[in-house]
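Trainee: Top line first, the protein sequences correspond to chains G and C.
Throughout, my numbering is defined as the position within the first sequence, counted from one, plus 405.
Throughout, my numbering is defined as the position within the second sequence, counted from one, plus 405.
Among these hints, one or two may not hold up.
Only some residues are given here: those of chain C computed to face chain G with a beta carbon under 7 Å [said to hold, decoys possible]:
1. ASN456
2. SER457
3. PHE521
4. ALA524
5. HIS616
Think about it this way: if two alpha-carbon atoms lie no more than 27 Å apart in a straight line, the pair counts; the simulated DSS-like pairs of lysine-lysine are [said to hold, decoys possible]:
6. C:LYS556 / C:LYS603
7. C:LYS459 / G:LYS603
8. C:LYS603 / G:LYS459
9. G:LYS603 / C:LYS603
A few chain G residues that don't get close to chain C, going by computed Cβ distances all over 10 Å [stated by the list, open to error]:
10. ARG439
11. THR441
12. SER457
13. ALA458
14. GLU478
15. ASN505
16. ASP532
17. HIS545
18. ASP547
19. VAL578
20. THR583
21. VAL604
22. ASP605
Keep in mind that the hints were calculated from the coordinates and are not lab data.
Please read all numbers here as calculations on a predicted model, not as lab measurements.
Idealized CB from N, CA, C, for every residue including glycine.
Protein chains: 2
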Amino acid sequence: MTSRPPRPRERGIPEATVARLPVYLRALQALQGRGTATVSSEGLAGAAGVNSAKLRKDLSHLGSYGTRGVGYEVEYLIYQISRELGLTQDWSVAIVGIGNLGRALANYGGFGTRGFRIAALLDADPDVVGLTVASLDVRHIDSLEEVVRSKGVSIGVIATPAGSAQGVASRFVEAGVTSILNFAPVVLNVPDGVDVRKVDLSIELQILAFHAQRRADGDGQAERMGLEVT
Amino acid sequence: MTSRPPRPRERGIPEATVARLPVYLRALQALQGRGTATVSSEGLAGAAGVNSAKLRKDLSHLGSYGTRGVGYEVEYLIYQISRELGLTQDWSVAIVGIGNLGRALANYGGFGTRGFRIAALLDADPDVVGLTVASLDVRHIDSLEEVVRSKGVSIGVIATPAGSAQGVASRFVEAGVTSILNFAPVVLNVPDGVDVRKVDLSIELQILAFHAQRRADGDGQAERMGLEVT
DNA sequence: CGCTGTGAAGATTTTCACAGCG
DNA sequence: CGCTGTGAAAATCTTCACAGCG
């Protein structure tokens with residue numbers, strides 16, 4: 406290896422940037438679908454709902470993939486972001502808890518256009534086990550370990566009631582799964598090295614309520630001072 | 406200003422703190438359910454999955470509700486956080502898009518124990534309109550404006566396919582709704598003063614994939630340098 | 001000349017560490 | 001003495017503003 410290898414980056418993309426890359430990716434895919442070949446930071450930022458300085462700074466962490474005076478080549482940037490996010494390989498996902506939410510997740514076809522494959526659906530309810538959902542047989546939760554092993558599951562999705570979530574999480578971890586997406590309204594306890602992300606409806610509603618209340622409080626009274634109603 | 410009025414706070418709770426208050430609230434409710442009357446910052450922080458310094462700093466923005474040498478009175482703190490979040494009043498919620506996800510949301514009983522009331526379910530599909538979901542009749546999307554007015558809807562939840570989301574959002578805004586929770590994978594365009602929060606499955610998966618890839622990359626190779634596998 | 005990439009400034013968030021109240 | 005509340009330091013994130021490449 407004499408010449409400069411593609412050296413994509415010197416490891417260390419800020420977390421805030423990582424959280425936005427999927428948004429950029431989706432915006433780029435929309436642009437591509439509309440036949441756009443090239444886009445400026447301004448244009449892409451608009452489509453992604455951020456300002457252009459932030460977009461440029463974010464992309465600068467991946468490398469220098471734009472052309473001055475022109476902008477970014479849509480297809481190339483899609484590839485670079487996908488690669489950075491790890492979407493050029495396939496991740497095997499298991500969903501536990503096949504209620505309405507689990508079904509919604511299972512049927513949610515385009516997981517950001519490729520990168521994820523739903524490998525198994527699991528549930529504890531005998532009435533649900535055996536059903537076919539999204540072309541997959543729902544298996545009993547008891548086979549979790551076996552399924553993780555045989556399907557090479559690397560991401561576990563928990564869509565169970567709150568009471569069962571910690572147990573399922575522990576079994577995932579025990580079975581070697583180190584990425585967990587939790588929809589149950591509980592704080593999961595997992596060892597270091599396991600990555601848990603949480604999606605929680607009622608938290609989001611409560612945050613909305615907070616801002617709504619603040620808007621209502623200050624309405625008309627507070628705009629004379631520079632009160633922000635973000 | 407001679408006497409000190411109860412003066413709960415001088416407006417201006419950091420956004421990061423607001424986002425954590427619902428988590429504390431839930432942890433407190435769990436503690437209360439278990440009969441705990443008092444908890445230290447350490448104890449509550451553990452239950453909420455944050456460190457105690459952060460917890461104390463967060464609570465300090467609400468006021469001085471702890472007792473030195475003792476901790477926090479669970480019930481009192483629940484009340485204070487609820488009030489701050491605006492959960493002492495009821496917020497009327499309308500859900501648009503009654504697919505699996507919409508149903509899951511509609512049936513999601515305890516919205517953080519009170520504070521939110523699902524006032525209406527709306528859908529565009531004639532086969533879905535008229536169904537009863539979670540004891541509510543699904544109404545046609547055409548009645549959105551009428552429903553917002555008559556039910557006093559202040560929070561709109563969008564659980565439609567991506568293609569319909571912007572249209573629904575615009576109608577919500579037009580009808581006077583200023584808080585929107587969006588589950589559709591698109592960036593919504595709304596005027597200033599409207600608060601949109603987004604919940605997006607595939608973004609969460611992609612963030613997990615990023616970290617999983619990083620862990621895989623560096624496995625065993627990178628731990629000699631201080632590589633973080635957070 | 002237009003637009004990217006980026007130092008530097010500014011803002012926000014987290015963590016530290018301890019004074020001081022109960 | 002234990003634990004809260006908080007200034008101050010450190011870390012992270014955002015925005016500015018412009019040098020300089022294509």
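Trainee: Please go over all the hints and tell whether each is borne out by the structure.
Mentor: Evaluation of the provided hints:
Nearest Cβ of chain G to the Cβ of ASN456 of chain C: about 13 Å, over the 7 Å cut. The hint is violated. Because the closest C-beta pair between SER457 of chain C and chain G is about 15 Å apart, greater than 7 Å, the hint is violated. With a least beta-carbon distance of about 6 Å to chain G, the hint placing PHE521 of chain C at the interface is held under the 7 Å criterion. Hint status for ALA524 of chain C: violated, given a least beta-carbon distance of 13 Å to chain G, over 7 Å.
At about 5 Å, the closest approach between the beta carbon of HIS616 of chain C and any beta carbon in chain G falls short of 7 Å, and the interface hint on this residue holds. Only pairs whose Cα atoms come within 27 Å are accepted, and LYS556 of chain C paired with LYS603 of chain C is accepted, the gap being roughly 24 Å. Our distance criterion of 27 Å between C-alpha atoms is met by LYS459 of chain C and LYS603 of chain G, whose separation comes to about 19 Å. The hinted pair formed by LYS603 of chain C and LYS459 of chain G meets the criterion: a straight-line CA distance of about 19 Å does not exceed 27 Å.
Between LYS603 of chain G and LYS603 of chain C the alpha-carbon distance is near 13 Å, which keeps this suggested pair within the 27 Å criterion. No Cβ of chain C comes within 10 Å of the Cβ of ARG439 of chain G; the nearest lies about 13 Å off, and the non-interface call holds. For THR441 of chain G, the non-interface assignment is confirmed: its Cβ lies about 16 Å from the closest Cβ of chain C, beyond the 10 Å cut-off. With a minimum CB-CB distance of about 15 Å to chain C, SER457 of chain G clears the 10 Å threshold, and the non-interface call stands.
ALA458 of chain G, annotated as away from the interface, keeps every beta carbon of chain C farther than 10 Å; the closest lies near 18 Å. Look at GLU478 of chain G: its CB is around 21 Å from the nearest CB on chain C, clear of 10 Å, so calling it non-interface holds up. Not every C-beta of chain C lies more than 10 Å from that of ASN505 of chain G, the closest at about 4 Å, which undercuts listing it as non-interface. Separation of ASP532 of chain G from chain C is adequate, the least Cβ-Cβ distance of about 16 Å exceeding the 10 Å criterion.
Non-interface status of HIS545 of chain G relative to chain C is upheld: no Cβ of that chain comes within 10 Å, the nearest being about 21 Å off. Against chain C, the non-interface label of ASP547 of chain G holds: every CB pair exceeds 10 Å, the least being about 24 Å. Once the 10 Å rule is applied to beta carbons, VAL578 of chain G is consistent with being away from chain C; the minimum gap is 14 Å. Distance check on THR583 of chain G: its Cβ comes as close as 7 Å (rounded) to a Cβ of chain C, failing to clear the 10 Å threshold; non-interface status is violated.
Listed as a non-interface residue, VAL604 of chain G fails to keep its Cβ farther than 10 Å from every Cβ of chain C; the least gap is roughly 6 Å. For ASP605 of chain G, the requirement that its beta carbon stay farther than 10 Å from each beta carbon of chain C is not met, with the minimum near 8 Å.
Hint violations for this structure: numbers 1, 2, 4, 15, 20, 21, 22, all remaining hints satisfied.
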